[in-house]
Amino acid sequence: MIGCYDFCGHYEWTFDWLERTGGHDLVKAYWNEAINQDSQIHARNLILAEGFDGMAKYWGHTLTEESPDLGFKITKEADVFRVDMHDCPSKGFLIKNGLEQYGDYCDHCIGWIGPLMKDAGFVIDHEHNHCGQCWWEMRPATATGGHSEVGAVSGEHDVRLRPDWASEGKKLDGFVKATDPDAKLPRT
Amino acid sequence: MNPSLEDRPSELPYRDTKPQGAPDFYFATNATFRFLLKRFGREGWTRYLEELGRGYYAPINRRWREGGLPVVARYWRDFFAAEPGGKVDVEEKSDRVVIEVRECPLIKHLRSGDRAIVKEFCHHCSILGQARASEAGLTMRLHGGNGSCRHTYAEESAGLPPQDPNDIKEAHL
Numbered sequence: 001m002i003g004c005y006d007f008c009g010h011y012e013w014t015f016d017w018l019e020r021t022g023g024h025d026l027v028k029a030y031w032n033e034a035i036n037q038d039s040q041i042h043a044r045n046l047i048l049a050e051g052f053d054g055m056a057k058y059w060g061h062t063l064t065e066e067s068p069d070l071g072f073k074i075t076k077e078a079d080v081f082r083v084d085m086h087d088c089p090s091k092g093f094l095i096k097n098g099l100e101q102y103g104d105y106c107d108h109c110i111g112w113i114g115p116l117m118k119d120a121g122f123v124i125d126h127e128h129n130h131c132g133q134c135w136w137e138m139r140p141a142t143a144t145g146g147h148s149e150v151g152a153v154s155g156e157h158d159v160r161l162r163p164d165w166a167s168e169g170k171k172l173d174g175f176v177k178a179t180d181p182d183a184k185l186p187r188t
Numbered sequence: 189m190n191p192s193l194e195d196r197p198s199e200l201p202y203r204d205t206k207p208q209g210a211p212d213f214y215f216a217t218n219a220t221f222r223f224l225l226k227r228f229g230r231e232g233w234t235r236y237l238e239e240l241g242r243g244y245y246a247p248i249n250r251r252w253r254e255g256g257l258p259v260v261a262r263y264w265r266d267f268f269a270a271e272p273g274g275k276v277d278v279e280e281k282s283d284r285v286v287i288e289v290r291e292c293p294l295i296k297h298l299r300s301g302d303r304a305i306v307k308e309f310c311h312h313c314s315i316l317g318q319a320r321a322s323e324a325g326l327t328m329r330l331h332g333g334n335g336s337c338r339h340t341y342a343e344e345s346a347g348l349p350p351q352d353p354n355d356i357k358e359a360h361l
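Chains A and B supply the protein sequences, listed in that same order.
Just so we're aligned, residue 1 is where the first sequence starts under our numbering, counting upward by one.
Just so we're aligned, residue 189 is where the second sequence starts under our numbering, counting upward by one.
Calculated directly from the structure, the hints in this document are not laboratory data.
In this text, all values refer to a predicted model and were calculated from it rather than measured experimentally.
Heads up, the beta-carbon is just placed ideally off N, CA and C, and yes, glycines get one too.
Accuracy of the hints is not assured; some may be wrong.
[Claimed, not checked] Cut-off 25 Å, straight-line C-alpha distance, at most; resulting in silico cross-link-like pairs (PhoX-like, lysine-lysine):
#1 Lys28(A) x Lys226(B)
#2 Lys57(A) x Lys73(A)
#3 Lys307(B) x Lys206(B)
#4 Lys177(A) x Lys96(A)
#5 Lys73(A) x Lys281(B)
#6 Lys76(A) x Lys170(A)
#7 Lys57(A) x Lys296(B)
#8 Lys118(A) x Lys28(A)
#9 Lys170(A) x Lys118(A)
#10 Lys57(A) x Lys96(A)
#11 Lys281(B) x Lys226(B)
#12 Lys96(A) x Lys296(B)
#13 Lys96(A) x Lys170(A)
#14 Lys57(A) x Lys170(A)
#15 Lys307(B) x Lys57(A)
[As the list claims (entries may be wrong)] Across the chosen pairs, the derived CB separations fall in these ranges:
#16 Pro353(B) x Asp104(A): 57 to 67 Å
#17 Asp180(A) x His331(B): 25 to 35 Å
#18 Pro186(A) x Lys206(B): 50 to 60 Å
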């Protein structure tokens, strides 16, 4: 039986299997069709129906279930929904157990959340540091301008305030007003 | 026996900080199977499971090969202790380990979430289990499914009959 205790391990292994079998497009199709439109249909229905309120309900439940130590902060304002992830339970599991088959595991999140947000009328600003920390800002697709200044939305909980956020050797990957994992910015 | 009461190191090679997994991940396993079956058919899905069994589970297979049936029994006790919602008994006999799944945690959660379960779902335990057992020099057979079943991991000398596909039930809500 395939278990849920080590789900992130065989999930990550599956990304690599899909890429070896059908290339990057197959991995993207998997994130969209299997995860966004099937596995996470409960998240999809909530967010399509309720927007920011749906995001708060979904991530409030699922992050608490996956991360009982609450290594995250959710901030909902009138024009932005923000998540600061300080201790990602998913990437953290892989790091702790030395599991790395696929090039950038963290891309799976925007891989399924991106198409969902596109359908729900939102765009995403996002960065991850490949070490279990990331931040997300969802805004209506009509939003213009950049992402928030450090601390402006989530205050002291802003993950970018961590001394280890972008410490030496860490490579940040970023997205601006994106809904597609292929919209990743070139690393500077 | 409640595995958490046993005074020994866990047989699970990959450890989390929480004692049990998040059951909503079962939705993703079911969705992954649906995606693979749609894209590649039964043959491709089988190939995925066999490669998963030989690849991802290689550290466990090695432990089974080195430690034999006692390790297999301890592994499955630890495994089901970390899966939320199941009712499972693991019995070690002289030539086999029998895992009686009285209530499958996966099928139970898919049903409680009102998820359409791929009908081939229960065959994954057989395909994956046989691939893993083979790597460990063992044989595996499955009987039942759709919420309750019996897994048998045995030494070759036990002479288990070939797996009868008709012994495995289709899954449904």
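Quick rundown of the hints versus the structure:
1. Lys28(A) x Lys226(B): 15 Å, holds
2. Lys57(A) x Lys73(A): 13 Å, holds
3. Lys307(B) x Lys206(B): Measuring from Cα to Cα gives roughly 31 Å; hence the hint is violated.
4. Lys177(A) x Lys96(A): 32 Å, violated
5. Lys73(A) x Lys281(B): 50 Å, violated
6. Lys76(A) x Lys170(A): Violated, at roughly 28 Å.
7. Lys57(A) x Lys296(B): OK: Lys57(A) and Lys296(B) at ~23 Å, within 25 Å.
8. Lys118(A) x Lys28(A): 15 Å, holds
9. Lys170(A) x Lys118(A): Judged against 25 Å, a Cα distance of about 29 Å means the pair is violated.
10. Lys57(A) x Lys96(A): 29 Å, violated
11. Lys281(B) x Lys226(B): 40 Å, violated
12. Lys96(A) x Lys296(B): Measuring from Cα to Cα gives roughly 30 Å; hence the hint is violated.
13. Lys96(A) x Lys170(A): 17 Å, holds
14. Lys57(A) x Lys170(A): 32 Å, violated
15. Lys307(B) x Lys57(A): 31 Å, violated
16. Pro353(B) x Asp104(A): 57 to 67 Å: 39 Å, violated
17. Asp180(A) x His331(B): 25 to 35 Å: 46 Å, violated
18. Pro186(A) x Lys206(B): 50 to 60 Å: At 37 Å between Cβs, range violated.
Checked against the numbered hints given earlier, this structure breaks hints 3, 4, 5, 6, 9, 10, 11, 12, 14, 15, 16, 17 and 18; the rest are met.
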